[in-house]
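Asks: Protein chains in written order, with the numbering used here: chain A, 57 to 400; chain B, 57 to 400; chain C, 57 to 400; chain D, 57 to 400.
Please keep in mind that the hints were generated in silico from the structure rather than gathered at the bench. Treat the hints with caution; some may be incorrect.
Note: identical chains are not told apart, hence a pair may lie in one copy or across any two.
Said to hold, decoys possible - With a straight-line cut-off of 20 Å between C-alpha atoms, the simulated EDC-like cross-links for lysine to aspartate or glutamate are:
(1) K71 with E82
(2) K327 with D74
(3) K361 with E82
Number of protein chains: 4
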Amino acid sequence: MVSFESDYIAGAHPKVLDALLRTNLEALPGYGTDVYCERAKEKIRMACACPEAEVELLVGGTQTNAVVISSMLRDFEGVVAAETGHVSVHEAGAIEFTGHKVLAVPQKDGKIAPEVLASYLEGFYADGNHEHMVFPGMVYISHPTEYGTLYTKDELTGISEICHRFGITLYLDGARLGYGLASSASDLTLPEIARLTDVFYIGGTKVGALCGEAVVFTKKNRPAHFMTSIKKRGALLAKGRLLGVQFDALFTNDLYLEISKHAMRMAERLKEMIREAGLPFYLDSPTNQQFIIMEDEKLARFGEKIAYSFWEKTDETHTVIRLATSWSTTEEDLAALANAFAEM
Amino acid sequence: MVSFESDYIAGAHPKVLDALLRTNLEALPGYGTDVYCERAKEKIRMACACPEAEVELLVGGTQTNAVVISSMLRDFEGVVAAETGHVSVHEAGAIEFTGHKVLAVPQKDGKIAPEVLASYLEGFYADGNHEHMVFPGMVYISHPTEYGTLYTKDELTGISEICHRFGITLYLDGARLGYGLASSASDLTLPEIARLTDVFYIGGTKVGALCGEAVVFTKKNRPAHFMTSIKKRGALLAKGRLLGVQFDALFTNDLYLEISKHAMRMAERLKEMIREAGLPFYLDSPTNQQFIIMEDEKLARFGEKIAYSFWEKTDETHTVIRLATSWSTTEEDLAALANAFAEM
Amino acid sequence: MVSFESDYIAGAHPKVLDALLRTNLEALPGYGTDVYCERAKEKIRMACACPEAEVELLVGGTQTNAVVISSMLRDFEGVVAAETGHVSVHEAGAIEFTGHKVLAVPQKDGKIAPEVLASYLEGFYADGNHEHMVFPGMVYISHPTEYGTLYTKDELTGISEICHRFGITLYLDGARLGYGLASSASDLTLPEIARLTDVFYIGGTKVGALCGEAVVFTKKNRPAHFMTSIKKRGALLAKGRLLGVQFDALFTNDLYLEISKHAMRMAERLKEMIREAGLPFYLDSPTNQQFIIMEDEKLARFGEKIAYSFWEKTDETHTVIRLATSWSTTEEDLAALANAFAEM
Amino acid sequence: MVSFESDYIAGAHPKVLDALLRTNLEALPGYGTDVYCERAKEKIRMACACPEAEVELLVGGTQTNAVVISSMLRDFEGVVAAETGHVSVHEAGAIEFTGHKVLAVPQKDGKIAPEVLASYLEGFYADGNHEHMVFPGMVYISHPTEYGTLYTKDELTGISEICHRFGITLYLDGARLGYGLASSASDLTLPEIARLTDVFYIGGTKVGALCGEAVVFTKKNRPAHFMTSIKKRGALLAKGRLLGVQFDALFTNDLYLEISKHAMRMAERLKEMIREAGLPFYLDSPTNQQFIIMEDEKLARFGEKIAYSFWEKTDETHTVIRLATSWSTTEEDLAALANAFAEM
């Protein structure tokens with residue numbers, strides 16, 4: 057069985073694993089105070105062209121969202137997110153567990169339109185009862201989104217300006233940021249993202265690491281005693297080196313971007329194969345996740361050969377599935393997929 | 057200035073206040089262990105025709121919602137509510153503060169339709185990713201709703217059956233329950249509400265008391281050591297007598313229902329006056345809150361004589377306002393209102 | 057049965073109740089925006105000789121502690137309290153429920169000695185691991201304490217200076233503040249308390265009100281959008297007038313202090329009677345709560361006539377009990393007590 | 057510089073790392089549903105001689121404590137721990153962050169004596185005010201403790217019996233469990249620990265893994281939908297294989313115990329060297345952490361060659377330091393240490 061189930065089906069990129077191997081027996085201090093964490097942070101600052109950035113390494117995506125959001129919001133504030141956003145739906149209430157509401161707003165293809173955001177914020181302050189309501193204190197977006205779509209530079213600039221106008225933090229969830237940056241459809245660079253957002257994270261788990269997400273505070277806005285807040289949320293890794301060594305490797309010689317480009321080349325081939333197979337796309341995704349509509353009968357045969365993600369039913373005889381490429385997708389995987397399409 | 061701003065503009069009904077006066081100097085034990093609390097609870101059990109009910113007295117509505125919801129939900133659960141529900145919008149995130157998500161579902165006139173609820177719950181369990189999502193552990197409805205509307209017996213029966221089919225607690229917020237029971241449009245009695253729900257509260261604050269809400273657990277389902285959970289939420293009143301004496305008075309000689317009927321008679325008169333003034337209703341409310349659409353110019357003149365609640369703008373020149381009657385509304389109030397309508 | 061069980065056995069002082077009666081049918085806006093709340097706050101500012109004070113009215117003591125402490129602490133901070141403090145032991149974990157630790161320090165007669173506090177704080181910052189620990193962000197003291205004892209002006213000044221040296225908020229729980237101010241042993245005035253603390257509350261529930269505590273932020277340090285934070289904790293009263301009218305009455309013509317003085321005169325008489333009865337004091341309390349050690353056999357007889365509070369067992373045949381006077385204690389109560397002592 | 061600073065200074069044991077390397081490119085499903093997680097769990101069940109055990113793999117120690125404690129406690133309960141326990145002092149308030157109090161009890165050498173526990177629990181229920189207090193719902197112990205000490209079988213049996221008598225969960229933090237099991241001073245086996253506790257965890261981070269702790273529920277008492285509760289706390293690893301592969305390796309051919317024995321042999325040698333150097337032990341630790349008292353002058357010279365952990369000052373010229381061995385300690389490390397002792 058060949059798997060296109062997700063972009064976290066394999067371990068670490070060989071160069072990342074090799075770095076873990078090479079440094080394994082070095083005696084290093086704990087809790088992220090080692091030299092590899094420092095190197096990783098410095099390389100990330102440089103990649104972001106943001107020398108004043110404060111970088112923190114955490115283990116996973118939901119954890120990162122909960123730590124960042126809950127430590128930056130004030131008591132009376134919640135976080136605005138698309139109604140389909142990861143924090144809105146697929147984190148088992150991790151944000152609410154910290155005592156803060158996710159304020160869901162309408163979306164299109166997983167994105168919040170700048171005008172929708174502006175209208176929401178204006179409406180909030182126009183409401184005479186808003187002191188009885190949760191104040192919007194942060195805007196959460198993901199890039200790529202849950203549906204693999206990307207914000208354009210214009211859109212992100214719009215959202216950024218609205219946030220600043222209302223004095224609200226803009227936070228970008230980059231669990232799959234590499235695939236967004238490497239997409240030919242993207243007109244946004246890492247430095248631009250650093251400039252337009254207040255805080256974002258560079259996802260490692262889905263882009264070559266065993267685990268790990270790098271949070272980047274771009275406006276000298278890291279909360280005070282952030283290490284204690286991380287610890288308080290059970291998110292401080294004793295062997296911080298595990299994160300430092302991996303991100304050091306990922307940001308050496310552009311590895312992060314290079315392996316993301318590979319995944320995108322594979323994704324382009326995948327899209328081409330889907331088109332050739334005459335399968336309808338559920339939506340137009342320019343990144344490594346592709347959503348297609350399958351007849352259930354065909355899907356049953358397909359599923360015997362290819363592992364995929366069930367997304368949702370569209371009607372009684374059709375299903376939306378997700379196929380994802382990643383840094384680990386091979387020519388052999390694509391060949392097997394082509395075969396499976398042909399034999400449906 | 058005469059006020060129709062809300063149903064909590066006056067103090068307590070004179071009989072309630074008189075009971076406080078009569079018992080004021082009696083030495084009574086604290087924390088709800090006094091004889092008046094016991095009497096009030098027994099009278100409420102009888103009014104509900106539910107001898108096994110467990111009754112608890114709390115101070116306010118948001119507090120009651122937070123205490124009941126958070127102490128009954130399990131760790132992995134959230135509460136389903138209409139997207140316009142009080143817990144969804146107007147409690148400043150009080151439910152989320154306890155670590156639980158409010159799962160908003162579509163509404164019509166403030167109500168959740170049984171089929172909408174069923175579809176939501178079926179969809180949840182059909183979703184292959186639901187272990188990553190907040191489980192629906194309770195359904196919250198208000199009766200009357202935020203918009204003054206009422207569930208019919210059929211609708212409440214439908215919701216109740218769906219909840220039981222899915223093993224979910226049904227909780228009814230009765231902040232204005234008296235006005236619902238006293239409405240000529242209602243086909244639901246207090247015993248029926250007790251039978252069809254798992255827990256509900258009888259609102260005192262808006263129906264004759266200075267403060268106070270009586271929670272009724274109808275299925276021997278009060279959480280263990282509930283008094284400690286109340287205290288933990290800062291909701292345990294030292295002088296529990298304040299609640300006991302008031303509810304004892306409200307449930308003596310049907311006072312609660314009688315004063316609610318008065319409010320409803322006043323509301324019927326109010327509706328008639330609105331119709332006569334040719335003002336359009338925003339929606340059809342059968343209870344003490346009436347929502348009408350006003351031209352802003354007229355509203356400016358109206359507002360000089362009558363205190364009202366701003367609800368929302370419908371367009372650039374029109375506004376929805378709320379006018380509410382209560383146990384304290386007088387003939388003089390109505391006369392002043394008639395006058396204000398005439399002179400707009 | 058005559059009761060010395062606590063200082064919350066009666067309703068409200070007649071003048072307080074009378075004020076509720078007089079204002080009962082006035083139409084007033086909700087949520088503490090009425091004129092009586094404003095008057096009460098202004099009178100409290102004047103009584104504190106602190107014109108810039110921000111005053112907020114809440115319902116009960118545990119609620120007040122939870123609201124104040126959790127909205128003022130930063131994420132990585134906890135509150136330092138005596139190991140016998142109300143927040144440490146008798147609030148069912150209300151502070152922890154808000155996500156913050158109570159940092160218990162040693163006490164003597166319910167008080168934290170300045171040197172104990174200094175040593176604790178110095179030790180914290182000297183600990184190389186303190187980034188893994190909860191930072192002390194506030195010091196909580198009660199005055200009178202759980203044991204009826206009082207801080208001297210020197211002691212409070214010492215604690216205040218230490219707090220400011222470490223940049224820590226000093227919060228004083230004044231659930232029984234009136235009895236402290238009225239004690240002949242006190243050398244602290246309300247303005248001095250306002251000056252030496254950063255925030256404190258003036259207890260109403262135990263000093264003449266049906267319910268209510270007045271929080272005083274003395275250093276322009278009320279948290280932003282505090283009303284929303286109150287609402288979020290389920291602590292916002294719809295009929296805020298209930299608190300406003302009562303505190304307005306309590307701070308008219310020095311009523312608060314006058315009724316406290318009465319309680320203290322009664323307490324002096326009580327102490328004299330205990331001495332005459334040859335009963336040992338558990339500790340020397342200069343306020344309205346007296347703790348005495350009783351032989352269990354005598355206590356059994358005593359308990360048939362007088363309601364008291366069990367405090368703790370000292371050995372197999374002796375018990376510490378608490379007897380409390382209040383504004384409502386009468387000559388007849390004392391006479392009955394004298395009788396009960398005589399007949400033990 | 058040679059390091060005895062902690063037992064988490066190195067990466068993973070080579071056999072563990074090799075297992076990660078061998079399985080790296082296998083396509084595996086996420087979130088702990090892969091075959092390596094299953095194998096690891098089965099091997100742990102067998103090592104515990106507890107076929108009905110439910111095993112869950114988490115990332116770190118504080119995270120594990122917070123997840124287990126907060127998902128097992130009921131609303132009105134807290135966790136009893138030694139006043140020096142990790143959850144009491146060194147987790148930055150992670151337990152309180154989940155809304156539950158840590159109930160600190162006196163300790164000796166890091167341990168709770170059974171009679172101290174019994175006395176605490178009896179006192180709680182004897183207290184007439186205990187409904188206003190946090191109920192003890194779980195007992196937390198660590199084995200080895202913060203000070204490297206071990207419970208005897210008699211002591212653990214005593215604590216276990218007391219917990220069951222009071223209906224309280226017994227939870228054992230085994231962050232360094234391997235070193236406890238491998239200590240010649242231990243009379244407890246893994247199956248006995250599984251039998252005497254209700255839930256415990258087998259520490260991986262400090263015993264050969266890059267990260268990872270294996271929670272063992274021994275009494276069919278894993279909370280319902282535990283995966284959702286893990287996710288809610290941001291503790292669900294996307295690539296669960298990282299934990300599964302490592303624990304599979306650690307529990308193959310007794311690797312976990314073998315490498316623990318190595319650490320203990322090194323610790324015995326270390327203790328011998330300390331004795332020979334005439335340095336006083338701060339306390340008698342039978343495991344891999346040794347606490348010694350050093351003159352500050354000597355310590356300054358020692359610190360130039362050996363990395364150690366500062367523990368606390370005993371007086372103005374002496375310091376307690378911790379030296380720890382682990383699976384990664386080598387002969388060369390010991391030789392360097394001997395040298396450093398000689399040249400102090």
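Asks: Could you run down the list of hints and mark each one as holding or not?
Replies: We went through each hint and held it up to the structure:
Taking the shortest alpha-carbon separations for K71 and E82, both the intra-copy value of 18 Å and the inter-copy value of 16 Å come in at or below 20 Å. In this homomeric assembly, K327 and D74 never come within 20 Å of each other (Cα to Cα): the closest approach is 32 Å inside a single copy and 36 Å across copies. In the homo-oligomer, the alpha carbons of K361 and E82 lie at most 20 Å apart only across protomers (16 Å), although the nearest pairing inside one protomer, at 43 Å, exceeds that limit.
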